[in-house]
Every structure is written in structure tokens, then in C-alpha cells.
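Enquirer: What follows is each chain in one-letter form.
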Amino acid sequence: MTVLACVALPLLAPSLITALHRWPNPREAVTLLTAGGLFLLVYSLHDNVLQGARPAIDLAEPLPGLTIGFEVEPLGMLFALLASFLWMVTSVYSIGYLRSHHEWRQTSYYSYFAVALGSTMGIAFAGNLFTLFIFYELLTLSTYPLVTHAGDDAARESGRMYLGYLLGTSVILLLLALVWTWSLTGTLDFRTGGILEGVVPPGIAGILLVLFIFGIGKAAVMPFHLWLPAAMVAPTPVSALLHAVAVVKAGVFTVLKVVIYIFGIDFLAAVPATQWLMYIAAATILLAALVALRQDNLKLRLAWSTISQLSYIVLCALLLTSSGIVGGALHIVMHAFAKITLFLCAGAILVTTHKSRISEMRGIGRSMPWTMAAFTVGALSMIGIPPTGGFISKWYILLGAIDARQLIAVGVIIVSTLLNAAYFLPVVYTAFFHSPESNPEYTHQETHGEAPLTILLAITVTALGTVVLFFFPDLPLELALQLAGESG
Amino acid sequence: MLLSNLPALQVIIPLVSAPLCMLLRNPRHAWACALFTSWLVLGMAVMLAQRVYTAGTLSYAIGAWATPWGIEYRVDMAGALMVLVIAIIGALVMPYAWHSIQEELHKKQTGLFYTCYLLCLTGLLGIVVTGDAFNLFVFLEISSLSSYVLISLGSKRRALTAAYQYLVMGTIGATFILISIGLLYMITGTLNMADLAQRLPDVADTRTIRVAFAFMTVGVSIKLALFPLHIWLPNAYTFAPSVVTAFMAATATKVGVYVLLRFFFTVFGFHFSFVAMHVGEILMLLAVAAILVASLVAVFQDNVKRMLAYSSVAQIGYIILGISLASAAGVSAGMLHLFNHALIKCALFLAIGSIYLRLGSVEIHNMHGLARQMPWTMAAFVAGGLSLIGIPLTAGFISKWYLVSAALTAGYWPLAVLVLVSSLLALIYIWRVVEAAYFHVPAADMHRVREAPASMLIPAWLLIGANIYIGIDAGLIINIAQQGAAVLVGQMP
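Chains as they are written, first to last, in this note's numbering: chain P, 1 to 488; chain V, 489 to 981.
In short, the hints are calculated from the structure, not lab data. As the structure is a computational prediction, the values presented were derived from the model and not from experiment. Ideal Cβ positions, reconstructed from N, Cα and C, are used throughout, including at glycine. Zero decoy hints are in this set.
Some chain V residues flagged as far from chain P (calculated, every beta-carbon gap over 12 Å):
#1 L491
#2 V706
#3 A931
From the structure, some residues in chain V lie toward chain P, with a derived Cβ separation under 8 Å:
#4 I886
#5 V909
#6 S911
#7 L915
#8 E923
#9 A962
Only chain V is shown next, with the shape it has when bound in the complex (with noise of 0.2 Å):
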């Protein structure tokens, strides 16, 4: 019985705790609800997850009405992975949260960080298990206006602006994505997602599908923040509680890809996306554009946040790269990355979030000679930055190699190329911090900082332990990937 409401306890379990932190005055029993709930949910993902790779798709049709009147939750393979990404991302900073929060919040907002964290946790879980096209832009505003008060959150006051910014352009790709809804709906008459597609190819050749499509993928990719629409994703990275940042940086760009996919390869077809519209040219001029632009910024940045904000613009590139080959190969080379990406940025973002903690400051300038005095801290952030380089041995290596591999069968070699040559910009970037840490001498004004508390230390090593496990042994996360592309692109030639 409890088994089988899996698809919908994973939303409403963390819908229902929102509330309930608000309620709890005390910061502590605030963030003890929201870390069980977020480490319920992991369990309830895994078990998901255990579901669907031994048993296929899930189908659940919410208040027993039979779809496609009723609303459907739909798990398949990539689905599950996706929901695997985002619980386990989220069971790992709830007890990061605890010091962080505590550092950089007004005590009177701790219960409203937690609520909305648990409400975005809501919202992003929920556009991945939904099949039903209204309701995932339900999910998504959910999401969306969860993160733009813990984006608000931040301790400097510019955390207003860029939590503004993000919320102009989050409503013109959420009203995007709202109108592309609503003509589908308007020509098939249903917002079921399996539906649809079934209806679609009968009147793809109209002019009002055509505008609905243009109009999903722009809405989509300002809330992936691709190139150029991801103006808004460097200034609330940079100024967003740390914790926050972490989160967002490896769930909710993510989920958009998730999305994107979903309505390339489930709703609109791969014929109509890909051969018709051309959507595949598009994209990968634009992924081949954010992977070098963003990485050539990210080279002079000195705010190190705000530098790996800029990398992860790029490394978005290099998963929409993928998916723009329109291949088995590469589609499961942007899955393996998209999951991958999320384990290496948390694990940076912690390990800048700690620096933050203790130092006040993630200015470059700032952490000369910091590897002597949180030596764990330095060696969790250089650990994962050569993944993110992708040096053999990190899950980073994998996905390169995969990436690299399939635009070679596609026959793209100067792709490769490129994804080679801006690994090494990656390595460019992550050296500064390296050099400064551990070779420049600390100024004689700088006061000595203590390594941070093992509660932030954990989550960020044990994120580095996933990353080296891997590379190591990939043969898991390969097959779900490569399950997942199977099930997306399974109409492609």
C-alpha cells in the first residue's frame, strides 16, 4: 500500500513539512524536521529507484482518477535518477545547512530558510515525477518562487537584486513555458504528457505547435540558464547562502534539463524537435557558445563563487552538448554528465561555503595561504576541482570520456576538441584558488581561521568519495544513464 504511493509521498511528504518549520520556533527543531524529512525522502528516492530498475515505468494516478482526465505521476528510468539526484543532494546539505545557516541567517529568518527549502525540494521533485504538463508548471512556479526568497536570503544586501533579477527573468520563462501549455492544450484538448504525444504528430504542421514548442525551449533554457539567457545565474549563485547555492547549483539548472528533455523526446517527438524544427543545430551552437565564453569568464573571476557560477554555465553547455548530438550515445553522455556535474559543483560549493563560514569572504585574494589552516576544507575543493577538470579517476573523467566519445561517432570531431581544450580552462580557473591557497603567503593582517566543523566537512567528502568511486566503478550510473537516453530517445532512428 505504502509501497505503491511512493510516486506521490515523495511530493507530499516534504509539501507537508514546509509548513511545519515555519511553526517550529526554534531554530534547531526547524531544522531537525527539515533534515529528517530530506533524509526520509533519500529513502524514499532510493526505494523509487529500486522500483523502477527492476520493474519499468510507474504510473499513478493521483485521487484514482483515470488519466488523462486525472493528474498522472509518471517515474521512468530518468526520472528516477533525477529524483535520485535531487534527494541525495538534499539529504547531504541538511546537516551542512545547520553551521552555515546559522553563520550567514538572521535567527528569525532560519524558519523561513527551512520552509522554503522543503517547498523548492517540493517543487523540483515534483516536475520530475509528474506526467502531466499543467501540473509540472504548478511544480516548477513551486520551485521557482522557493528559490527566489532563499536566493533573497543571502547576507549582503545585493542578494535582493539578484534574487530580483532572477525573478524577472524566472516569470518571463515560467509565463514562456505557461503559454507553450496552454496552446498544446489549446490544439489537443489534454495536458497529459503521454497524451499529448500521441496526439501530436497528427497536427505537428501547424503553425500554433510550431509557436508552442519555440516557446517551451526559450522558457526552458532561461530556467537552465543556457547561454545567453543565464545572466541571471552568476549574480544569485554569488550572493545566495551558501547552502542555497549548493543546492541550486546541482538540482535546479538540472531539472530544467530534465524538463527540456522530457519535451523534446517525450512530448513533441524526436522527429518533430530534431528533424523538423532543427532544434538540435540550435542547441549545440549555443552549448558550444556558453561552454567557451563561460569559461573563458570564469578564468577572471576573483569571487570564487561567482567563478564557479560562471563554470557552471559551461558545464551546462557541455550537457546540452550532448543532448544536441540527438544520439543515444550523446543524450546518455549529457545524462551521465547532468548527474556527475551535480555531485562535483555541490562538493565545491560546500567546500566554498565552509571557506565562507570561517573567513567571511571567497575572494581569491582573500584565501592566500588558507591550505595551512583548513588544510581538509582546501584538499575536498582541489579534489574536486580536478574531477571538474576531469582528470582519470573522477567521475568528471567519465563523463568527459563518454562526451568526447559520442561526438566522435557522431562525427564532430572538432566538438571533441573543444570539450578537451575547455577542460583546460577548467584547469586554468582552478589552479588560481589552488596557487593561492597553497602557495601564496597569507597577509600579515589576516587573522587565523580554524578548520570548518565536521558537520560541513562530511557531506563535502563524502560528495569527493561518490566522485572517485565512479571513476573508478562507473558501471551503475552508465547503465541507468544509458537506461534513461534508452527510454527518452527509444522513438529515435
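Just chain P, with the same shape it has in the complex (with noise of 0.2 Å):
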């Protein structure tokens, strides 16, 4: 029951927001208290699910022998309890957000922001791979207002990269490879060692996987990734909850669900195609982050650190080793918090002090020291140097490029870290070191100051997270554990 109640309560929610739009005050309370609501539901189901249980529910039946139900695993257990806890914080960060930027339509965006997270959920706890589709689309349609919210010309254009780029590699190739798997094997389950071994040759499950990676649009493999870069026009809320958390994770996530519960990472070892596609994630890896160093819109530069991001994990789950699947598992919650820092830090610097450039960002680290040391850290956990979580997650990533022989990989991650560097440090560096007066047009009344309070309360909140998860990453380590007993 807690499970179907987390995926309801926020597909509910819009319709008490809805109902309070002419009280703001009321209508934020309700998403907060939802927001905390929800992170306690999912808090409360861990326990069990580190003892070993796997509560399930089946909701209907829309075709014969394909249910809507939901089963939490480790990894859904994970994903659920990441997304929920930043959901917390970036309804405190929202507020503070829209309301200095005098945005307008915030109840739709409130509205949507539920639908979303309730459509994460979905995802998070689906028990068969036909739910989650049903809730991945679910997920790109209710952030299709989001990422459109301004509802400008530009945004229009982005929306439409938006849909075109995620349901056009979901509807063509996942959903071909969902009936087809369906039609060879009669089942969607995801079961511990796959459903394909013994049904399906290597050449057809090479067919069947390639359609998979790609046409998980949400993972931006190349060369599926531009509506990433496309979705930045959103508020920056948005972009940083959905397109470094929620959107982005769900993708990635169901790549690993695809890896671990469809084909089993046993069998999958017998089909050549895993090594081409390990390939394509590592070039992935390498190419945004060069794309990255080349931008100066900070949020853009983190859109295409954010694609090669993605690829670790995607490389991670290919990579077919135990601890390739905790690196991976384990990245995607320490890549969550140092990413959700770096863009709110970002929106921060946009609302205070309307600057949206890193060129224009010279001495703000003086006006703004808080938000700039909550960047510092979520820029070393990019990179992976402790103590951040950021080094806890490349630690078994690595683990596991070795486990695997995998020396192109190995050499992948050694030089993207050394990529990230380069393109996060200076921003740093621009920041602190600089002098204000030095910004081609600087003049004497800039007197900004810190950003709002609720916008720092959620940064120091992310920023010690990166910090923590660090020194205490137990919760997710033993999820990704469990997880990777699981998968053998």
C-alpha cells in the first residue's frame, strides 16, 4: 500500500494546488507538505527493502498478461529516495525562485512539478518494464509544460526538441524493442538474471539492446543528447531537479534495470554489441565533456557535463561487472546532489544578479560567498576529489573498468576526470580570483548581494549532502550492494 501511496500522493497533489491558486502561500504549503510526505513514504519502505523485502502491488490489467504494478528493488528503493529527498529541496529553492523572478503560471508549474515526481515514482518502483514505460512517457509529457513554462519562442522551439528527441527514440525504438521482447518471450518482468537467456540468440538480443540503449532517449547517448542541451531553457528549478535528478536518472536508471533484470549481465557478456555500445557511452563520455569546455552559459555548460555524466553510467551498467553496477548505481545518487548544487548555484547567481554567462562571473564569489563555496564542492564532487561523494562513485566506477579488463574504459574515466577539471575549475577560479572590476561592463551600482534566503537554505542543504554522503555513504552503498548480489 505505501508503495502505491507514494506514486498517488504526487499524481494528487495538482488538484489541491489547482484548487488554491488564488492563495500562493497555502498552494507552496501544499507542495512542501507533499514533498516531505512523500520522502517519509519512501523513507519508510528502506528498511524492508534492505532486509530483503520486495513489497508489490498489481494496479490493472490493460492487455492480457501485461499489468500496471509496482515492486520496490534496491535500485528503485535508491532512485525513489533521491528523487524524493531533492524533490524537498527544490520545492524550498522554487519558491524563493519564482516568486524574485515574478514568474508567471506558477500553478501549472507547481501542478506539473507533482505530476512529474509522481511519474518518477512510477518509474522508481514499476515491477515490470511495460509500467515503466507507461511512466517514462508519463514523465516526458508533464515536463513538456515545465520545460515550455516561459512560453516564448524559444521555448516553443526547445519543447519541440524536447518531445521530438525523447518520444521519437521512445516510441520508434524502445516501444519496438518492449513489443518485441514481449512477443519473444511472452513476459516484461524484470527477473534477477533477465528474461532473454536461452530465448534469444546473441545477434537478435545485440538487435534488441542496441534499440534499448538508444532508445532510452533520457540516457543522451550520443548521438540522442541534444535535447539536453535544448531542455536549458526551462527555469532553472526545472533544469535542476528534472534534468540533473528526475528526467536524466529515470533514463539512466531504466538502462540499468534493462541491463540487470531483461538480459542479466551474464548473458550478456556473450553478445558483441554490449562492447560497441560500451564504446559509444565512452565517446559519449568524451566528446560532451570537450563540448562542455567550449561553453559560456553556465547552465549550458552544465546541460553538457550533465550528457556526460549520463554515459558513466551507461558505461558503468555495460562495463557487466558486480562493482560496475554499484559504481553506477552509486553515481547516480553522488552525481544528484553535486549536480542539483551546481544548477541551483547557477539560478542563484541568474535571479541575484541577472547573469547567466561565466565571462560576466568575474569576482562574484566576493558578493556571493555562499553560493560560490556550495559551487566549489559540487565542482570537486564532479571531478571526484574527496571529500566528496563524487570520489566514492568513481572509486567503484573505476573498480569496475578493472574488474572487467576494460583498459579504453579505464583510460575513458582518467581522461573525462581530467575534462571535468578543466571546464569547472575555471569557473571557480573566474569567481574567487578575479576582480569584479574587471567585467567588461562593470559599473559602480552593481550592489547585489547573497540570493534569497530559501535559495541558500536549499544550496547548504545539497552542499552538505555531497559532503556527507562522503563520509557516511551507507544507505546507498548497501542499496547498491544488495544490488548487485542480486544481478550476480
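The two chains are supplied separately, each in an independent frame; assemble them into the complex guided by the hints.
Expert: This is how it looks when you write it as C-alpha cells:
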């Protein structure tokens, strides 16, 4: 029942939010209470799951043999905990951001946000691939109004890219893979060890894997990555939660699920296509990092960095080793905390100073020390420097690559770490060590201070989280190890 | 007593009330009569479907003349499904018609409209329930002649040319069907379809029967607007009154598909149609062309009604594609889509009719910013559009899933890809309307419009609700479609 409540609560919240659209404060209270309630609900599940329980519930049977049902397993638990926790933080941030920006359509903003989170919960707890697909599409549709929130021509163009890429890949490739798998095996259940082994020859399995990996457009493996930078026209909290946590992580989460529970990593070892897809993921890591290096717009740089980091997780899944799986699962969490911190800082700078380009941010660390300190923590975690969470996931990823004897993967991870440093550290340097006077459009009237309090609060929580996860990684680590244990 | 006469009453009641509408001078009375009849028809259709579902195929001899001399009415599961589709759509468009017809038609024409509507309903229901080939032709002509009148009632003068174009094409089609029935009668000496089915195999290898088959296929293909015989459809749908478009899009072409199924599977038999005459390959080719070409043409239309009309041609392609696979899975996917598409397209055309009522136009560039002024209508359009694209939790997804799976099982993976790719084309043309209504700022000289009246919103939303319900729990409808397909393709290997 709790599982059902986790999905239903955020999906039902919009009715109340819409009803209260005339009273902003109670309206935001609904969002905060829902987010808090959701986190408590999800958290109450984790003890059972750690002890090996798999709470499950079946809802409906749209097609004979295909159910809409939920089942909690370690990876889904991890993802749900992450998304629901960061939704609370982002909600606090959203209130400060939208109000100081005087955004329009705030009611529909909070409503669609709640629906998006409900869809994310549906993805996390999906009991079979069919259910996962339904919520995957629902997530695309419910985030479309958020991405195009500005309602202008740029938003419309980006919205087209967003829908075109995400619906296009999922409808043509992913759905085809789904129906195909179903017609071959007669089931779409997630099973330990996969459902394809012994039913499908490795050649066909290779084609299926290609369809799955590229069909999951939310994982942004090249060449289906361009929607991600386009989606940056969204308000910053949307970019932060949805395009650093919920949407993109739903993509890599699905990749991990498919690799572990549909194919099974033992079976994939015999499929030659796995190698090639891993190289494509590796190429995505490097290419996206190189593009990020050249971006002056801070949000765009973060977006390209996200593309690069997502492919880390795809790569991990395709290493087919248990350390790789642990690394991938942990990286979902670690990257989420670091990247959301970075996005929230970018939003804080935008709201306070109306600056979005890195070249305009000289000396900004002097007037916004708190924000930029948090930014530094996020950047360190992205590079993987202790004491931040990013170090732990990178450790396991490297371990996984070495276990798999994939020297290319090891090399790519090391080079990309350098690239991460190369595109994040200059931002920190510019902010702290350049003087504000060296800005080209510097005027003496610039007397902005720190960002609004709700924004600072959110940033502090996520930055602290990034550090805390280095010292106390127990919960995500235990869940990830359990996942790796299950996958064999 | 009453129950056993259901198949006949199903047809006779609308036939009798049709002239009644003409006699009632007051438009309100005529409307009430048509509304009452439509709901009565729905009630009977539900009872009929129930009886067929529990008791199996019903047979009814008109005037108690024994078959094969008398006319037999015969309703099996596939027929019951069709009767249900027609009756549901009829019962939903009638409450909607009141405001829409008042706005679009001259007061003097309303009586004529309701009469012709009821006659069209009679014809469509008759085609489905009859088991007699010549009787089928008669009902086909009743429905066709009345639909020519219905289309010509459209408010623009081009409705007349559209109706004329349809008249010419439709008459050619009807003549072909009549020629075919004549040839069949010449060889076998019977008009009863069950009887025909028994006698045909002995004489199948004659040129006359092959010619009859060809005439029938082409004639019915014109009626159901199979590419490239669809050219009457876009004009007819664009210029007909909104109610007529919604009603016809959901029923008339679907009944054409039903006739095709009847003749292919029941009368000529699977072996003759698909093995000896290779109709499967021909249909598949035409269906693929319909899906691709019509979807592409739809993308470039500015008139939303015309856009949806081309989309209908493409969707008929989906249905025919399912049938052309010549497998039980394929035919049931086709029938499933036949039902689902009726719900989807009717909902979309009803939403567009509401827009026409308020705006007086259905051009995309006139719909800028409309979502602010008609939020419920536009939301219905978006929901119907999502179902048309085939997004999960809608009826469109269910039929797409079945179609793709049937294509894969039959080994035609390029067809599966084609179906999926063309659903993206649907995304493009639906989204053009969405962007106009939700993103563009209304032009300065555009006058404010109100939301459509409840009598027009509720039918549209009932259909949307049915779409979503089927998307979540399609068990019953899939069961009916599979049973219907099993009846049709019973003798298949």
C-alpha cells in the first residue's frame, strides 16, 4: 500500500494545488507538505527493502498478460529516495526563485512538477518494463509544460526538440524493443538474471540492446543527446531537479534495469554488441566533456557535463561487473547531489545578478561567497576529489572497469576526470580570484548581495549532502551492493 | 418476443422515426425525436451485444421466410461490435448536434438533417446486421444517399461540390458492388451470404467469381476510402457540418471495413481471398502507402478538419494493414483499431466542431491562443490527439501495441517500424495545433470567444474518458475483438 501511496500522492497533489491557485502561501504549503510526506513514505520503505523484502502491488491489466504493477527493489528504492529528497529541497528553492523572478503560471508550474515527481516514483517502483514505459512517457509529457514554461518562441522551439527526441526515441526504438521482447518471451517482468537468456540468440539480443540503449533517449547517449541542452530554457529549478535528477536519471535508471533484469549481465557478456555500445558511451563521455569546455553559458556547460556524466552510468552498466553496477548505482546519487548543487547555484546567480555567462561572473565569489562555496563543493564532487561523494562513485566505477579488464574504459574515465577539472575549476577561479572590476560591463551601481534565503537554504542542504555522502555513504552503498548481489 | 426481434428492430426503429422528423416542423421536436431514437438504438445495441456475447451468433428470418429464400439477419460477435460502435457514436453526437446544427444550418433544413441522419444510421446498422448480399447493397445505398445529402448541408458552398464528388465516387463504388453481387448470383443462384459461402468453393476457380471478387474489393475500397481511392474523403469531411463529420468519420468508413471483412472471410473465404487471389499483398502495399502518404499530407494542412480527414485515411491504412497480415492476431488488431479509432476520431472532430461553433473557422492560424479561451475543448483535443499518437494509457496505445506485435509475429518487422514512425508523424500534425493554441499570442483583431456549451463538451469528454478507460483496462474490448476475429477467420489455417 505504501508503494501505491508513493506514486499516488504526488499525482493527486495537483488537484489541491489548482484549487488553491488564488492563495499562493497555502498553495506552496501543499507542495512542501506533499514533498515532505512523500519522502517520509519512501523512507519508511527502505528498512524492509534492506532486509530483503520486495513490497509489490498490481493495479490493472491493460492488455492480457501485461500488468501495471509496482515492486520495490534496491535500485528503485535508491532512486526514489534520491528523487523524493531532492524534490523537498527544490520545492523550497522554487518558492524563492519563482517569487523573486515574478514568474507567471506558478500554479501550473507546481502542478506539473508534482505530476513529474509522481511519474518518477512510478518509474522507480515499476514492477515490470511495461509499467516503467508508461511512466517514462508520462514523465516526458508532464515535463513538457515545465520546459516550455516561458511560453515564448525559444521555449516552443526547445519544446519541439524535447518532445521530438524523447518521444521519438521512445516510440520508435524503445516501444519496438518492448513489443519485440514481449512477442519473443511473452513477459516483460523484471527477473533476476533476465528474461532473454535461452530464448533469444545473441545476434537478436544485440539488436534489442541497441534498440533499448538508444531508445532510452533520457539517458542522452550520443547521438540522441541534443534535447538536453535545448531543455535548458526551462526555469532553473526545473533544470536542476528534472534535468539533473528526475528525467535524466530516469533514463540511466532504465538502462540499468534493462541490463540487469531484462538481459542479465551474464547473458550480455556473450552479446558482441555490448562492447560497441560501451565504446559509444565512452565516446559520449569524452565528446560531451569537450563541448562543455567551450560553453560560456553556465547552464549550458552544466547540461553538457550532464550528458557526459550520464554516459558514465551507461558505461558502468555495460561493463557487466558487479563493481561496475555498484559504481553506476552510486553515481546516480552522487552525481545528482553535485549537479543539483551546481544548477541551484547557477539559478541563484541568475536571480540575484541576472548573469548567465561565465565570462560575466568575475569576482562574483566576493559578493556571493556562500553560493560560490557551495558551487565549489559541487565542482569538486564532479571531478571526484575527496571529501565529496563523487570520489566514492568514481572509485567503484574505476574498480568496475579494472575488473572488466577494459583498459579503454579506465583511460576514458581518467581523461574525462581531467576534462571535468578543466571545465569546472576555471569557473571557481573566475568567481573568486578575478576582481569584479575586470568585468567588461562593470558599473559601480552593482550592489547585489547574496541570493534570497530560501535559495541559500536549498543550496546549503545539497552541498552539505554532497560532503556527508562521502563520510556516510552507508545507505546508498548498502542498496547498491544488494543490487549487485542480486544481479550475480 | 421483443427480444427475439432485436436484430430487425435495430434497423426498423430508426427507419420509422426518420420520416417522423421530417413531419415535425419544430426543430426542437425533430431533434428530440432523433435524440430519443438514437438512445433507443443504443439500448437495443447493448442488449443485442449481450445476447450475442452469451448465446453466440443470432439468426433472424425476416417475415419468417426460411433461408436462403427469405432475407436473413445475422449478428455474430464482429457484427455486434460494429452495431455497438455505430450506436454509441450515434447516441453521443445527437445531444451535441443541437447547438452545432442550430449554428451551422438554416432553420428550414434542420428537419431534413435529422431525417437524413436517422436514415444514414438505419443504413449503417442494416449493413452490419444483414446476412443477405443484396440487402446489404440496399442498406449501403440508403446510408450513402443520405450521407450525400448530409454533406451537402454544410454551410460553405464548397460543400455542394464535395458532396457531388462523393456522389460520383460513391456511385461508382456502389455499382461495382452491385455488379459483383450480380455475378455471384449468376453463378450460385443465391444471395444469402452463408449460403454463398457454402456454394462458392465449388465454383471458385472460374473467371466470373474472380471478376466478382475484384469488383467487390474495388467497390468497397472506394466506400472505406482506401488509398488511392480516398480522394472524396478529405473534401467531404472538411465541408460537411461538424456533427456529420464526427459521425461519419467514426462509422461510415468503419462499416466499409466491416463489409470488406465479411466478403473476404465469410463469403469468399480465407483461402480464396488470401491464397488464390493474393489480396493480402495488395492490401498491405496500399495500406503502407496510405499510412505514409496521408500522414505526410496531414502534416501540411492548415485546416484542422482537413488535417484530421487525411489522418483518417492514414488510420484506415492501419486497420487494413492489420487485416492484410491475414493472421488472427492481425485481424483482431485491425478490429481493435477500428473500434478505438472510432472513439478517437469522433472525440477529435467533436472538439473541432466546438471550435468551429465559437470561432467560425478551423484554420490553425485562427486558433492562436485559443487554449486560454476554450480550455476544456482544447484539453479534449490534446487528450484525443495523444490517443491518436498512441501514448500509453490511451486506447490508441493499445491498438498500436497489438498492431506492432501482430506485424512482428508475422515476421514483417519493417511494418512494425513503419507503424511506429508514422505515429511520430501524428505527433507532428497534432502538435502544430497544440503549439498554435497554447503558445501563440492571439492576433490583436481576434475577438474573444467563450467556452463551448456543456451539451457539446460532455459528449467529447465521454469519448475521451472511454479512450482512457480502454487504455487502462482493455480486457473486455480485446476479448470482443479477438472473438470477432475468431468468427471471421475461423476457417483459417
